[in-house]
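K.L.:
So the sequences go chain by chain: A and B. Counting in the working numbering, the first sequence runs from 13 upward without gaps. Counting in the working numbering, the second sequence runs from 12 upward without gaps.
Hints are supplied without guarantee of correctness; some may be wrong.
Some chain A residues close to chain B (C-beta under 10 Å, calculated; not the full set) [what the hints assert, rightly or not]:
| id | residue |
| --- | --- |
| 1 | Val250 |
| 2 | Phe258 |
| 3 | Gln275 |
| 4 | Ala283 |
| 5 | Asp529 |
| 6 | Thr638 |
In short, the hints are calculated from the structure, not lab data. All values derive from a computational prediction rather than experimental measurement. The beta-carbon is built from N, C-alpha and C at its ideal position, and this holds for glycine as well.
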Amino acid sequence: MAIRTQLAYPGNDFVGPSVYNQLFTLHGTTMMFLFAVPTLEGVAMYLVPKLLGTRDMVFPRLSAYGYWCYLLGGLILYSSLLFNAVPDGGWFMYPPLTGLVFTPGKGPDFWLLGITLAEVSAVSAAVELVVSILKTRAPGMALHRMPIFAWAMLVVAFMILFGFPPLILASLLLELERAFGWAFFDAARGGDPLLWQHLFWLFGHPEVYIIFLPAAGLLSTMIPVLAGRPLASYTAIVVALVAVGFLSFGLWVHHMYTVGIPQLALAFFSAASMAVAIPTGLQVFTWIATLWPARPRLTVPALYVFGFFFVFTLGGLTGVMVALAPFDWQVHDTHFVVAHLHYVLIGGMVFPLFGALHYWLPHASGRLPSDWLGKAAFWLMFVGFNLTFLVMHLTGMLGMPRRVYTYQAGLGWEWPNLISSLGSFLLAIGTAAFFTDILLHFRYGRRAPPNPWQADSLEWAMPTPPPVYNFAAIPEVRSRNPLWDQPQLAEAIRQGRGYLAHPRATRREILGTSLVDAEPEQVIVVPGNSWLPLLYALVTAAVFVGLLAQRYWLSAAAAMGVLALGLHWAWSSQRLPAAMQAAPGLELPLHPRHPQRPGWWGLLATLAADVTIAVSLLFGYFFYWTVAPQWPPPRPWLGDLPLGLSGLALLAASSVLIRLGETRGGTRSTLLAALLALLASTAILGIVLAGDELAPTRHAYDAIVTACAAWQGLHLTVCLSVGLILLLRPTGPERRSEWQIAALLWHYTTLQGVLMGGALLLFPRLL
Amino acid sequence: MAATTPNPSPTLIVAAPLLWAVHFVLCYGLLSIGCAAGWQAASFLGLDTIRALLLALTTLAAAILLVLLAHAWRAHRGRSGGSQQRFMAVVSAGLAVLSLTAVVWLGLAVIAIPPCQ
Chain A
13 MAIRTQLAYP
23 GNDFVGPSVY
33 NQLFTLHGTT
43 MMFLFAVPTL
53 EGVAMYLVPK
63 LLGTRDMVFP
73 RLSAYGYWCY
83 LLGGLILYSS
93 LLFNAVPDGG
103 WFMYPPLTGL
113 VFTPGKGPDF
123 WLLGITLAEV
133 SAVSAAVELV
143 VSILKTRAPG
153 MALHRMPIFA
163 WAMLVVAFMI
173 LFGFPPLILA
183 SLLLELERAF
193 GWAFFDAARG
203 GDPLLWQHLF
213 WLFGHPEVYI
223 IFLPAAGLLS
233 TMIPVLAGRP
243 LASYTAIVVA
253 LVAVGFLSFG
263 LWVHHMYTVG
273 IPQLALAFFS
283 AASMAVAIPT
293 GLQVFTWIAT
303 LWPARPRLTV
313 PALYVFGFFF
323 VFTLGGLTGV
333 MVALAPFDWQ
343 VHDTHFVVAH
353 LHYVLIGGMV
363 FPLFGALHYW
373 LPHASGRLPS
383 DWLGKAAFWL
393 MFVGFNLTFL
403 VMHLTGMLGM
413 PRRVYTYQAG
423 LGWEWPNLIS
433 SLGSFLLAIG
443 TAAFFTDILL
453 HFRYGRRAPP
463 NPWQADSLEW
473 AMPTPPPVYN
483 FAAIPEVRSR
493 NPLWDQPQLA
503 EAIRQGRGYL
513 AHPRATRREI
523 LGTSLVDAEP
533 EQVIVVPGNS
543 WLPLLYALVT
553 AAVFVGLLAQ
563 RYWLSAAAAM
573 GVLALGLHWA
583 WSSQRLPAAM
593 QAAPGLELPL
603 HPRHPQRPGW
613 WGLLATLAAD
623 VTIAVSLLFG
633 YFFYWTVAPQ
643 WPPPRPWLGD
653 LPLGLSGLAL
663 LAASSVLIRL
673 GETRGGTRST
683 LLAALLALLA
693 STAILGIVLA
703 GDELAPTRHA
713 YDAIVTACAA
723 WQGLHLTVCL
733 SVGLILLLRP
743 TGPERRSEWQ
753 IAALLWHYTT
763 LQGVLMGGAL
773 LLFPRLL
Chain B
12 MAATTPNPSP
22 TLIVAAPLLW
32 AVHFVLCYGL
42 LSIGCAAGWQ
52 AASFLGLDTI
62 RALLLALTTL
72 AAAILLVLLA
82 HAWRAHRGRS
92 GGSQQRFMAV
102 VSAGLAVLSL
112 TAVVWLGLAV
122 IAIPPCQ
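If we strip away everything but chain A, and leave its shape as in the complex, we get (with noise of 0.2 Å):
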């Protein structure tokens, strides 16, 4: 509101241009990494476990580890306010803009390092989606029968995994620069600011559809329920959602269409940028075709549902516009694109969310919110928006730029901005509408009825407000609708048959399902209550707190802790018996006794997210190599061949020691040697680093291999720690599953440091 009463008329001095830039900044960041992806993946948090059919999602101290970070990531982005240093630079951050010498001060190392910390929770959250969606299903729910808004998180979840890391190395990689002067973005030195630009929209584009595809799985979920019967077609949403998760990632050049990248390549993303219009259309007609024979009540998320038809369709047109480079010449960098993007998260991702809080309010507080007052609000929020963004297309086509705090009469810009603002205002009123009815309905709501839109998905099976344990039994599900199929769910569940049936007083179950086919495999026992998340991220936050203050001792101490607190909540285990009976007649192993227990999952996925940074990594590398100025470097680093060679063979031969304790169960001496070896080799590579001293400061090819050793470094050290745990833990019947983790750690780890050390000390030497 601020923003827009700054631009209603021509010459203000409402805020003034300072005030102005950190207004837009903080607007950006909180919108996209503090509101969008964090109130999506709650709502998620809150629904999966409830529409798969199970108690709990997989680790919960993980979740909660991810919360924790979330808030005080948000915490130390706005502790920037009491400092006087918030960060001005647009939500993009762009260098050398936010580089030390055009921002000196503090701005810049608030965004970077509390929106590193978000992200960190937002990574932890998708590892957690991946292995509860993929292995905690109610039994009979396979694949073909897993609800919509599972597979749009199921999507969504690996798009974080691949599409965060690269920002969260894009900024610790400008933190470097801004605390240490290591020359990543400097050009001077051999970096390149466009580096920034690529690693930021590698995560950027793929972030919008990050938002938009759960807001869609949303849709998908309340569509049938609004229309009385089944979705027109499953299958093409499915399809949808897989084919964006991809396609997404190969658009994000066409952010960067105007910064001189040869025609062909802004051709190709091009392309991409057209393909993904498909799959999102195949899914809006999906929808339109769900509700075309229906009669539906126009119900309040009904209106919310059409207000997004509207609004989406719209952003999408002028999205397929924009995604012409011709065209995006003309417009980059207006209140054109100011537009198009509001119409798409506003209408793609606010109103689903809008319409689901109301949809899915009597589940959580059993009351009914209020017709009248939601309708309102929806009114007010459809007409204010319209009134803001429809108009400022055409402030946009008249040229006016982005991000400027003011301009001058006389240009055709004062009717546009004025009605904008007032629009502004309206919008303000509608959400404090729809927020007061939430409010007001936990007092005065009437008590809803059981499942009272009459719908189809089994979180209506349970009673509202929900149980702590949500389902007293695990239901069996047969059907992709099962409370339309399946009538006597309800009741079944309420009555306790269904799977692990019994509930335990000292420890907490939920059942393990197959990945394809749902079929029980073992009885997964999660963790209760605990202070640890709290601690592990309060020293989580310890470290990034010291890089900014300048307290590197602090940092250093944190990371320890960090390091020390991992082992701890690794080694802490609950002592368990080998099987138990979890329905009539069908006994199954608890999960230390199965071989690919939650956290082998676990750390398969965070694997996914652990070579996304290597190989941006190794991008950076190459791309340093083919575009940057200053490049070959002067006196390039090429290590010691022979050494460099045989620290990597030492390597190999420890993942192949750990390879042989995996297939003929481990024994302490295999271990050893696989110990000795690994640290032999960190040792050797350590010499070969040292041989050829680098200094990061003084070009970007010595601080770029300085990041690759010391992400490697990291590594390193992981595996030592899980290796020695391994070593001390007694032996028990558990061996074979902790084995089975710390062996896929531990390939990984030579994997990547085969293919980073061998790009590093070969590349080189082949030019």
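The hints should help you fit chain B onto chain A, whose structure is shown.
P.N.:
Showing chain B alone in chain A's frame:
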């Protein structure tokens, strides 16, 4: 209990878009490295080397996608599978069609636009 069926592999679903991704990255990488190294000067069959390589890559990717599509189609037509198998077959066919579209569009751009400008 769900009836035991042979496990259709979930990797089949993502094979087509994965192929698109590999093709996309290879094309972008090849173009960048090729332009930096000046490969466009040499010509091959009337085209500059870069574009000839890009077209070869695109043809290869499109051919593999067609094979995937045919495979998925046959799995769909075969009546032996249960609803789960048919679902997987249709999803992979759909994804193959979309990936093929994206690959062919990229190929069209290669034909129309000179490299490195």
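K.L.:
Each of the hints needs a verdict: does it hold here or not?
P.N.:
Checked hints:
no.: 1; hint: Val250; result: holds, 6 Å
no.: 2; hint: Phe258; result: holds, 4 Å
no.: 3; hint: Gln275; result: holds, 5 Å
no.: 4; hint: Ala283; result: holds, 4 Å
no.: 5; hint: Asp529; result: holds, 6 Å
no.: 6; hint: Thr638; result: holds, 4 Å
Consistency with the previously given hints is maintained throughout, with no hint failing.
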